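Once you've looked at the hints, dock chain B against the given chain A.
Sequences listed follow chains A and B, in order. Residue numbering for the first sequence follows full-length UniProt numbering, starting at 1 and increasing by one per position. Residue numbering for the second sequence follows full-length UniProt numbering, starting at 1 and increasing by one per position.
If you are wondering where the hints come from, they were derived from the structure by calculation, not from laboratory data. Possibly wrong hints are sitting among the right ones.
Any copy, or any two copies together, can satisfy a pair, since identical chains are not distinguished.
Once the Cα atoms are required to be at most 27 Å apart in a straight line, the calculated DSS-like pairs of lysine-lysine come out as [what the hints assert, rightly or not]:
#1 K300 to K326
#2 K27 to K150
#3 K289 to K190
#4 K280 to K209
#5 K274 to K150
#6 K274 to K209
#7 K280 to K150
#8 K202 to K190
#9 K326 to K150
#10 K274 to K48
As the structure is a prediction and not an experimental result, all values here were calculated from the model.
Okay, here's what each chain looks like letter by letter:
2 protein chains.
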Amino acid sequence: MKVVGLYEYLPIEAQESFLDVIVDTPKASGHDLLVRIQAISVNPVDTKLRASKVTVEETPRILGWDAVGIVTEIGDAVELFQVGDAVYYAGDVTRPGSYAEFQLVDEHLVGAKPINLSIEEAAAMPLTLITAWEALFDRIRINPDADAGKKLLIINGSGGVGSIATQLAVWAGLEVITTASRDETITWSKQQGATHVINHRKPLLPQLKALDLEGVEYILCLHNTDAYWDAMQEIILPQGHICSVVELQNPVSMSLIKDKSVTVSYEFMFTRSKYNTDDKVRQHDILTKATQLFEKGFLKTTLNHVLTPINAATIKEAHRMLESGKSIGKLVVKGFEENDEQAN
Amino acid sequence: MKVVGLYEYLPIEAQESFLDVIVDTPKASGHDLLVRIQAISVNPVDTKLRASKVTVEETPRILGWDAVGIVTEIGDAVELFQVGDAVYYAGDVTRPGSYAEFQLVDEHLVGAKPINLSIEEAAAMPLTLITAWEALFDRIRINPDADAGKKLLIINGSGGVGSIATQLAVWAGLEVITTASRDETITWSKQQGATHVINHRKPLLPQLKALDLEGVEYILCLHNTDAYWDAMQEIILPQGHICSVVELQNPVSMSLIKDKSVTVSYEFMFTRSKYNTDDKVRQHDILTKATQLFEKGFLKTTLNHVLTPINAATIKEAHRMLESGKSIGKLVVKGFEENDEQAN
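Next up, chain A with everything else stripped away, as it sits in the complex:
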């Protein structure tokens, strides 16, 4: 099968940062599905894992954790899917990724693709959707019954996770304030459902006070936790909850966090698969529930750009775009050259 792989971890401009390679197609066993990939999306984890390091791989390393495709083979223990099912998933960061014609994925991490989304619209979603869902409902444990009307500040509202997190929080009855700084990101974030968009290049608390808000019950930090730590300590209400997807790198003061009895969660979408937790099937359940919400029109895709076909050149272009730091919503790469028709 064709894959886009790497042997060395190089800057994206390097000739061999990604290569078109042929490898053996894997076989499904146990709880694995073999999926023929139709489209993938790129995420910050892809560029982080590609970051320059001295390691050299003997077999090509395949990145990519987001895919839409068709199940072509199932392991003997599979119970949730059948050959021919259209699926979407983010997968497991410890296993080969989705820049490939075929990929193995544990059925517990997979959902049925929403029928009202195109292949590329669906491929944009799994990783960011699961991240946002776990952050809001498993870490902060927002309860739509009890929390309606509470306020959530999303730092970096217009990226992949921020966009779908905004939609999910609005669906759960929260009032969402996001941060953005450019006209196009402000517009995009409002389209996702943000009530207010404030400028993350200026002090945040005065902007909230100008909106008659003394603080917020919840904060989702999707960009440089260190840089926003002091602002978050000020903004979070007593007994509030902050969830971050970016770990603190430097010493920070915890005194106000302690004084206010604040809770801080980290969200890493690959915890369940990496540690093989007992509740790993939760990701199947999240994707299944999200599919219902897409099909009922409560959620919409955050797709913003499509490249084609899936090869080393377009993957390089996708990484370049992601590394510019100016992404809005999601970037998808669609179809292999010889199966373009199947993929459409």
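This is chain B only, laid out in the frame that chain A set:
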């Protein structure tokens, strides 16, 4: 009224670290109760606030946040209590404390004293009980229905908070492992309901593994969060929850906490009163529920030592004992000299 106060923040050995002083008795208004104090207990917050600093008070500063007493006067907005009620409470750290013949306290922070506990047995409880209750049920949000059988590690199990937290967690159906290092603290902690007591002077994870435990779902850190941070990162299970009453002081790595999607809460018992949160009455509710649990025999006092009467000499002795770092359970000071009879 007689109070034990200070004008200067001095080491406890200093002649004037505490003084017997006469001040005007306050009047109750609004939601305040005026309570005639029968017994108080000392807590680490008392010694922290007494720590040497250059500030000099013009009027005597009264410390002490734990009391049992009788309501002698009520403000015009009081709804929950009447004159003559026997009450217990921790109060509000921003207001004058309980080293006094009389104290004002907001009714929302007060509970009816358990009838089956003596004055000194009840005086031992409020601050540590509320801290432990908020940590387990408001911060970690342990749910007795869903969490039965899960494991809680309490670092420093034999102190005031650790002792009642052990009892509460056992009542909620958890398996509790505590840390202690001396024979008498190990015995005490097992009496509170700990299934296992491990030694906090030795590496913790190997001791848990020797008990066939790979980790725990929950950790309550009641001593030097910095010192136990690396051990807690190792011991906490993926998606686990750590609650600490001691803020981090130094830079620590968050990488494993992030990798495991761990949640870290801080618990400060005075958050609700200090910030006057909408849910301040929760402390009345906690004390009310705890009174039921004491009266039904599900909880028992953690009182371990009583001094008498309440004066500068015994308060100094109580602070000295607390600062030794060897306290087991709780230390209560009971009765003013001229109302010893009333207080008994």
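Hints, verified against the model:
Proximity of K300 and K326 under a CA criterion of 27 Å is satisfied intra-copy only: 21 Å inside one chain copy versus 59 Å between copies. In this assembly of identical chains, the alpha carbons of K27 and K150 never lie at most 27 Å apart, being 48 Å within a copy and 38 Å across copies at closest. Proximity of K289 to K190 under the C-alpha cut-off of 27 Å is restricted to the intra-copy arrangement: shortest distance 24 Å within a copy versus 45 Å between copies. Within a single copy, K280 and K209 get their C-alpha atoms only as close as 41 Å, which misses the 27 Å cut-off; across copies the closest is 24 Å, which meets it.
With identical chains, the CA atoms of K274 and K150 are at most 27 Å apart between copies only, with a shortest distance of 21 Å across copies and 33 Å within one. For a Cα distance limit of 27 Å, the shortest separation of K274 from K209 across copies, 21 Å, qualifies, whereas the shortest one inside one copy, 42 Å, does not. With identical chains, the CA atoms of K280 and K150 are at most 27 Å apart between copies only, with a shortest distance of 18 Å across copies and 29 Å within one. Only within a single protomer do K202 and K190 lie at most 27 Å apart by alpha-carbon distance; the minimum there is 19 Å, versus 54 Å between protomers.
Within a single copy, K326 and K150 get their C-alpha atoms no closer than 30 Å, and across copies no closer than 44 Å, so neither meets the 27 Å cut-off. Taking the shortest Cα distances, K274 and K48 sit within 27 Å of each other inside one copy (17 Å), while across copies they are farther apart (43 Å).
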